[in-house]
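Novice: Read off the chains here:
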Amino acid sequence: MVFKPALVFSRRPWRALLRSGPLAGLALVALFFSLFTSIAHAQAPPDPLPCENPIEPNPEILTHNWMVNENREPVPQDQLQKIATKSGPRGQTDVTVDYTFNFTVDFSKLGGLFGPTNSDYNEGEYQQQDHKNVNISELNPVDISKYNGPIQKAGNQVMLDALRVKYVDYIWRNSHLPEASDEFTNTNGDNPRSIYEMHHEFGEKLPDLDPNTSNPTPPSYGGNKNDWQNKWGQYWSKIPTSYSEYYKAYIQFRAQHKAYENQALVNNSGNLIDQVLRGARCPYWIDETIAFVMPEYFRTTATTGQVNQVIVPGAAQSNHSNDVILLNKPESQNSVSGKGNLLSTIIDKCLKAFQNNPVSNALKKVISFVHTNFLSFNVYAEPYFQTGDNPAEDYNLDCIRILVDGKEGKDPYCALPANQPDSDLQYTCENQIDELKRDKNNLNVICTFKIKWQQTGMTLEAGEGPEFFDTCIDHPINPDWVICDVAVYLWPIFEIPWQAEIWNNTLYSDVPGNEPFIGSPLKQMEGRPGVYSFFTPITIFEDELEGNIRKCRNAPTTESQVCQDVINFVNENIDEKYRSDFEACVEAALITNPDGMVLCIVGVAEHVEKKRPGETDRGSVSDLSRRVIGGTDCSKEYVWHNALYPIAAQKTYGIQNACPVESAASSQDYIPPGDDDFTPPDCPGITPASDGNPNNGIETSVEELQCAIILEAGTKREFITREPLVNVMLYVINAESSYNQCAFADAGEIGVFQYIASTWKSTLVRDGVDSGTVSPPAGSVCWGIAGRDPDTNPPGQDPALFSWVQNFGGTNDGEAWNPFLQIHKTAIMMERFGGACPWSTFKGTLADPSPYTALIGDRCGPQL
Amino acid sequence: MNNGTTLTKIKPTIIKLLIILFFLGIFILITLLFSTNNKTETPRSQEKIEQPKTALKQKEGFDSELEKITKFLPYKGEGFSLEYVEALNLINAKIKADNVEGYLTIKNELEQFILSKEVEDICKLNIIWIAETSQDVRKSIDGKNFITTGCTP
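Chains as they are written, first to last, in my numbering: chain A, 128 to 991; chain B, 2 to 154.
Keep in mind that the hints are not guaranteed to be accurate.
Heads up, simulated DSS-like pairs for lysine-lysine below, C-alpha to C-alpha not over 25 Å straight-line [claimed, not checked]:
{"#": "1", "chain 1": "A", "residue 1": "K843", "chain 2": "B", "residue 2": "K58"}
{"#": "2", "chain 1": "B", "residue 1": "K54", "chain 2": "B", "residue 2": "K97"}
{"#": "3", "chain 1": "A", "residue 1": "K579", "chain 2": "A", "residue 2": "K375"}
{"#": "4", "chain 1": "B", "residue 1": "K60", "chain 2": "B", "residue 2": "K95"}
{"#": "5", "chain 1": "B", "residue 1": "K54", "chain 2": "A", "residue 2": "K843"}
{"#": "6", "chain 1": "A", "residue 1": "K843", "chain 2": "B", "residue 2": "K72"}
{"#": "7", "chain 1": "B", "residue 1": "K54", "chain 2": "B", "residue 2": "K125"}
{"#": "8", "chain 1": "B", "residue 1": "K118", "chain 2": "B", "residue 2": "K140"}
{"#": "9", "chain 1": "B", "residue 1": "K72", "chain 2": "B", "residue 2": "K118"}
{"#": "10", "chain 1": "B", "residue 1": "K77", "chain 2": "A", "residue 2": "K843"}
{"#": "11", "chain 1": "B", "residue 1": "K95", "chain 2": "B", "residue 2": "K54"}
{"#": "12", "chain 1": "B", "residue 1": "K125", "chain 2": "A", "residue 2": "K843"}
{"#": "13", "chain 1": "B", "residue 1": "K125", "chain 2": "B", "residue 2": "K145"}
By construction, these hints were calculated from the structure, which means they are not laboratory data.
Just so we're clear, the structure is a prediction, and the values are computed from it rather than from any experiment.
All chains, please: the whole structure from these sequences, using the hints.
Specialist: Structural data, given as structure tokens:
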């Protein structure tokens, strides 16, 4: 849609008064007193101060996001995992040791994480100047449809009028808001006026909802229709339903020192950092706080809440968090709704905060560092009881919060505000000039903070207690001195307002008092779907490339433009190692087998790095996709399976009612297929099964596979049972295949862990490696044999049981048969929440009878 | 003359003594050298002897129960083998069978064999029961039967 640019007349009556000579004084005095007689109080003319005077959020609405990797370690390692050193006389007590961390934040990227995208989707682009200037009378029906968002479409006039009355009132009273100076044209695109000017020119009165007052009232509330239409009514349909507010957000820090290693100690009690990583201890706060300003997030909350109110049945609605506009009473001008009205709570509980981390994967990218150890970001917890600062806490831990990649990109942002809560906060900043910075004169965009850690009462010896160091060596010069080291980890915690409310409004509705966990089966109120359960645009489920592939499949000919677009896109973005395969595939299929060409494209497209729906690059082709997700990395699986399926159906189909973010835009959460660069394990003492002939492919023995599992699982634990992962894997592989790498079953299960073949379908194998065939009679190995994959079923094999072509669609099998790759993938999956559930032998035997019966049943659903 | 005779007699004796002392010195040197080398190679008492990374960490009690049956392993017969894999620190029981009943019969016999060796808690041995059967047969075996009878997973 293209909005007509409107002629904009500058209407500044207060400036005209000032310029009009001696009468101006009298006029100003008259105006001054007339404002006192008005029902509304006097207000200053609009004076937008973007990013200034941000609202101090009620701590109730702050959600904590920890920056951790899959091992709970703070990342980046090179910035936040350090060694503090101190030298002095051996055994000296009451020593103070300190370390100053450098922590860099790019605030221009931080804004993009919490951008306004949901609000534009839910409300329509009411905040855009084009939208405010458009001539509605000339819009065709399609443009009218785009002009309005779900709120305007689904909301009734009474609700919309109430919201707009609140909006006008709030904007008029808060002249510092950026949109206070925005002007709206009337429905014909003429006579632009700001709210302030409307108030002045329409009788110095603001609309209200009571027809018995002298203030104008919308007809839906009984106001006079003619009066209304001649004044406020001309602009009313362009008035937004929610405003943008700036809120303060914070970065705080927790720290833990000491990594003294002595396995002889119970629970490795000298290694306090290890205890944190195991979930047995909570790191302590350190007294450093960074405040920054969050634009737009309030509006996102407001709009999602409004849609939630409109479309979700009353009994199932999200709680009070969706009333942020209507509950914002005049007497609480710059405050959020009253205490107790919101769903979220402060998450100051260490381990639960670890879990509640929906955006920190993306947060990491805001922090300048080299991407090391940047793999999966699921955080797990162990059934330890905390021994830290809150021993009475209940750490009956719930679902892991899988950390999705999150949306990245750029959106409006505020640079670092000057007035920091810690007046002695040390930092240096670089400027960045771009159109997205709201406070143009603020030069503090990319900032490096000095965060000081300090520990008093230390003793210059290595030992178990927290007052001792990890290691000490003799001082090279002073014979009685030592040089001692102690490890220190620093965890940044981003405290973001409104985050939980948006999740609640869009994904599901929580109940008061609960943690703002998303998708937690124990916390979620069943049958309270969120906005996206009803308004789920297809762009949530696919990005542009996926959409084009879908259309190409349905196109009458592969020579259609959409197919050509896909080919061109893949051709331009393909990883070079797949190029020859791609070209050969297209060439072979181009003339004789158009359907096959689509398969070529799909297979290769899997390897093309794609923009995810959650990304917020304003320059992206599909503006809609970035508008849909907004503050929520909405879960595909959740919307489909949890919100739209009846509970009975969920149980029947074994659908998990947990962790919806698992499937959102995270490369690591979707484990198979293969293509990992890894090598088979080194197992001294185990006789190799291979005879050394590479033409035989990968040959394994039971012991080699067991060795691979032991090495791969290491000291990890299966998430649900907290049993050593190695034991669970050894059990499951045995029950699934008895270590037979060629095992297959009639639902397409293949290999040592019996993955479903279709999971890996159409995925290329590594260069120079090809899949083999199945055993027997074709051979005793079934993977890695040189040459093409079989075009047909191996001789002697029953097609009804196993069909290579059907299962893999030709030559692309993603190395599904590679037993070591299956072990590798399984270890990753089982360490995650619910990752072991797909294995029936896990859900079955381990659940009945065992200490884990209830646990597995609860987390995995019923055994089918 | 007497002096000359005496000197002539003494000289060879001194030479012999010197030769003996020379070899004795070499012997002492070698002994000292060896003792020094041995000291160097003796591990310090406080150093930890690390298990190979491939060794499975078994639960407490595994070692004592394993000791009771080690001398009988590997135990092999027609269609089965019971073996301790030292590099992995685990016990594999491999059973070849054409059907579920055959698998269960051999498994039961192996369990009785182990119990007959004064093993007090067979569960501590954490035996891995491997069904070398067709996939159809394997899928028909109740998952509990991949665990030693009476033990929990």
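Novice: What are the numbers of the hints that this structure violates, sorted from low to high?
Specialist: 2, 6, 8, 10
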